[in-house]
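Protein chains: 2
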Amino acid sequence: MSNELAIKQWLKENRARGARFLQLLVQENSTRGNESSAQAIIIEKCRQLGLSLDIWEIGGDGLMQHPVYCCDRKSFGGNPNVVAVLKGSGGGKSIILNGHIDVVPVGDERNWKHDPFSGQIECGKLYGRGATDMKGGTVALLMAIESLIATGIKLKGDVIYQSVIEEESGGAGTLAAVLRGYTADGAIIPEPTNMKIFPKQQGSMWFRIKVKGRAAHGGTRYEGVSAIEKALIVIDSLQRLEKERNRKIVDPLFDKVPIPIPINIGKINSGEWPSSVPDVAVIEGRMGVAPDETITAAQQEMTNCLLELNEQDAWFQENPLQIEWFGGRWLPGNLNSDHPLMQTLSECFADIKGVDPIIEASPWGTDGGILSNVGDTPVVVFGPGVTETAHDANEHIVLEEMFLASEIIALTLLKWCVVCEENTAKEDQ
Amino acid sequence: MSNELAIKQWLKENRARGARFLQLLVQENSTRGNESSAQAIIIEKCRQLGLSLDIWEIGGDGLMQHPVYCCDRKSFGGNPNVVAVLKGSGGGKSIILNGHIDVVPVGDERNWKHDPFSGQIECGKLYGRGATDMKGGTVALLMAIESLIATGIKLKGDVIYQSVIEEESGGAGTLAAVLRGYTADGAIIPEPTNMKIFPKQQGSMWFRIKVKGRAAHGGTRYEGVSAIEKALIVIDSLQRLEKERNRKIVDPLFDKVPIPIPINIGKINSGEWPSSVPDVAVIEGRMGVAPDETITAAQQEMTNCLLELNEQDAWFQENPLQIEWFGGRWLPGNLNSDHPLMQTLSECFADIKGVDPIIEASPWGTDGGILSNVGDTPVVVFGPGVTETAHDANEHIVLEEMFLASEIIALTLLKWCVVCEENTAKEDQ
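Here the protein sequences come in this chain order: A and B.
Under our numbering, the first residue of the first sequence is numbered 1, with each subsequent residue one higher.
Under our numbering, the first residue of the second sequence is numbered 430, with each subsequent residue one higher.
A few of these clues could be false.
[Claimed, not checked] Pair by pair, the computed Cβ-Cβ distance ranges are:
1) A:304 x B:730: 38 to 48 angstroms
2) B:668 x A:300: 27 to 37 angstroms
3) A:388 x B:753: 27 to 37 angstroms
[As the list claims (entries may be wrong)] From chain A, some residues computed to sit far from chain B (all C-beta separations above 10 angstroms):
4) 14
5) 61
6) 69
7) 122
8) 179
9) 214
10) 255
11) 299
12) 342
13) 400
Hints in this document: simulated from the structure, not taken from any laboratory.
In this text, a Cβ means the ideal position worked out from N, Cα and C, and glycines have one as well.
Turn these sequences into a full structure, and let the hints steer you where they fit.
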């Protein structure tokens with residue numbers, strides 16, 4: 001039996017185990033600060049597979065003083081990063097398979113039809129927080145690795161599996177893994193791309209703009225300066241900046257995307273009393289960063305936009321706008337579409353699905369930005385599940401897609417890391 | 430000695446007592462729900478003056494079911510309204526002298542240079558919450574009454590002094606007094622007009638507009654509908670409505686007022702997460718009401734403005750804007766400038782100051798709206814102190830102005846209520 005066929009057959013026969021494994025993972029609430037029990041399941045699985053384990057609590061100056069480090073978490077104790085290596089025989093290309101174990105909060109539980117940590121399976125879909133983002137992807141990775149081991153296939157290149165914390169809050173887990181020395185000739189991150197292949201990812205970061213006004217009684221509002229009215233000027237400028245920035249995006253990967261790098265005004269708060277003129281307005285939002293752009297360059301464009309307002313507007317001359325970059329920050333990813341890893345993954349996709357994959361740029365950042373920018377590792381984001389359900393109630397994954405992703409990734413490993421010559425898959429007994 | 434001269438002299442000789450009385454009143458914190466101790470001082474003073482006292486806790490269905498009642502206070506127990514009458518001999522015109530005893534909160538105490546309830550006197554100014562709004566006015570009224578009694582002048586018309594609660598929160602105290610039967614041929618409310626005379630007052634009420642959006646991830650913000658962007662459309666419409674409404678104001682009393690009846694956007698809150706498209710925005714503000722306009726008519730104009738948006742905008746067609754009239758509501762006041770009470774007060778002003786008074790329309794409502802609209806009592810607002818300091822830190826009053834106001838009001842009482850013929854002021858002994 002060919003290696004490919006052996007893997008396909010093993011994966012087909014082990015679907016129930018795969019679904020059960022995802023269920024176990026989803027049933028462990030691994031929101032920020034609570035990652036340990038889900039990591040324990042990962043560790044146990046990697047141990048059973050005989051992988052070389054590296055389990056450590058992230059932290060320390062090397063990480064926390066790093067310019068890319070962006071995290072407000074005080075302690076990582078008890079919630080380790082996990083890296084498990086399937087060592088190759090040498091001479092092949094190495095690959096990192098990266099999944100994050102942290103999930104976002106469940107939100108209002110009343111909007112869920114099942115308990116968010118039930119892992120309930122219904123009509124081929126598994127429900128629960130993290131099912132799509134991205135425990136489904138994680139199971140796809142581990143099943144791919146297990147399929148190699150179970151069928152006795154040996155690779156030349158190393159397969160470096162990572163289960164990291166903190167992706168949802170800025171990527172400190174993956175940054176810690178990079179700084180610990182884990183880089184490779186390529187990486188796949190099975191975030192929910194709905195089986196599209198994303199060589200490029202939109203980066204992003206959060207901003208907070210403080211707009212000053214001058215208080216007055218609402219009945220004589222002309223004696224004050226409304227921070228809300230002044231904020232409207234800022235919003236208008238940000239909207240024009242967004243247009244300008246997006247006009248410059250010519251990459252065909254963004255052809256179908258209405259706004260490749262949006263500036264999202266996510267929050268505005270101003271005023272404390274209906275009959276007072278508000279004296280301060282705070283705008284918060286998310287600025288998209290182009291794949292070929294640096295965080296710093298994007299920040300500079302917004303800063304310049306505000307500096308311009310500070311020059312043009314008499315009020316802002318006296319009361320300059322203040323910008324703060326706070327909270328989340330996700331580096332963009334920027335792999336060429338013709339990179340060998342893209343070619344290999346696309347070929348495997350076409351072999352199995354019978355059609356060419358859709359290749360796009362993602363509208364959100366992943367840990368891939370850190371892996372490629374800091375770890376100099378070419379990253380492709382490709383995985384089962386759809387973003388729409390990711391951070392919402394009733395998050396779920398179509399199990400069939402998870403198995404398909406696993407198969408495509410397993411075949412990619414065969415080609416990328418190269419199978420040892422003396423070795424073919426053992427017959428199933 | 431003429432009655433006028435006797436009053437002038439008495440007031441001159443009793444300045445220190447007047448200042449001390451204001452100090453005592455300011456030292457009693459009479460924020461909402463805490464009016465009792467300041468009212469106790471008022472009651473004691475009225476008792477010493479031999480006035481007929483009516484002290485009662487407001488409430489009951491007659492008040493609380495009244496269409497003009499606008500109050501969210503649960504209980505009035507222990508914090509009474511006070512009315513004290515100096516009964517006339519008959520045949521003269523009656524007058525209500527109305528002051529509110531409630532004061533607004535002190536805000537951030539760190540912004541005060543003295544304790545807000547110190548009543549500290551410095552360079553002829555008395556500092557403290559309520560000094561200007563309007564315990565200073567209250568003392569001006571009580572000194573005017575006392576000057577009549579002390580000099581033995583008897584009037585034909587009744588002088589009805591009122592110390593009411595709840596002015597700052599919608600006027601339930603004055604409404605209760607009207608419903609208890611207290612109306613008159615005229616009324617003076619010594620709110621801080623900076624010694625200008627206001628025959629007309631801008632009314633106002635609060636509104637809350639809810640604007641819906643549709644949530645989405647900020648990286649694909651085009652998949653959502655930003656409630657903030659939709660709120661901008663609403664604000665733009667309100668700004669146009671304000672222009673239209675003010676274009677219609679032709680009363681010369683408003684000639685020097687840039688915006689006679691402003692629509693103040695006092696608050697906006699939208700969004701919970703920088704990288705989400707906000708799905709709801711709440712705008713709160715204060716709508717000014719013209720002196721010759723009803724609250725209902727003004728509300729209808731804003732409602733129509735929103736209904737128009739609900740028709741024109743495809744999103745609002747499906748997700749109509751909602752408006753709520755909540756919290757404060759102050760009826761406008763609308764006395765003709767040539768009303769006899771205006772003439773009398775203006776003459777007394779000119780007699781004492783040597784110049785004609787400035788006659789304007791006030792940019793804020795007072796309890797005068799209720800007194801004139803519900804109690805059918807002609808109201809003039811005139812008093813010492815400036816609005817600017819009223820609700821702010823370091824509220825203060827120039828004592829000299831308070832004494833001057835007292836003198837003008839006392840002389841107005843003589844002319845309005847008419848001095849009994851047999852009676853002239855006793856000589857000071």
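To see whether the hints hold, each was checked on the structure:
The hinted range of 38 to 48 angstroms is satisfied by residue 304 of chain A and residue 730 of chain B, whose Cβ atoms lie roughly 42 angstroms apart. Against the hinted window of 27 to 37 angstroms, the Cβ-Cβ separation of residue 668 of chain B and residue 300 of chain A comes to about 33 angstroms, which satisfies the hint. For the pair residue 388 of chain A and residue 753 of chain B, the supplied restraint of 27 to 37 angstroms holds, since their beta-carbon distance comes to about 33 angstroms. Listed as a non-interface residue, residue 14 of chain A keeps its Cβ farther than 10 angstroms from every Cβ of chain B; the least gap is roughly 34 angstroms.
Annotated as non-interface, residue 61 of chain A keeps its C-beta farther than 10 angstroms from every C-beta of chain B; the closest such distance is 28 angstroms. Non-interface call for residue 69 of chain A relative to chain B: holds, since the shortest CB-CB distance, roughly 19 angstroms, exceeds 10 angstroms. Annotated as non-interface, residue 122 of chain A keeps its C-beta farther than 10 angstroms from every C-beta of chain B; the closest such distance is 25 angstroms. A cut-off of 10 angstroms between C-beta atoms confirms that residue 179 of chain A is not in contact with chain B; the least separation is 26 angstroms.
Consistency note on residue 214 of chain A: stated as away from chain B, and its beta-carbon is indeed over 10 angstroms from all of that chain's, at 12 angstroms minimum. The beta carbon of residue 255 of chain A sits about 14 angstroms from the closest Cβ of chain B, which is more than 10 angstroms, so the claim that it is off the interface holds. The beta carbon of residue 299 of chain A is kept farther than 10 angstroms from every beta carbon of chain B, the shortest such distance being approximately 14 angstroms. Every CB of chain B is more than 10 angstroms from the CB of residue 342 of chain A (nearest about 22 angstroms), matching its label as outside the interface.
Annotated as non-interface, residue 400 of chain A keeps its C-beta farther than 10 angstroms from every C-beta of chain B; the closest such distance is 25 angstroms.
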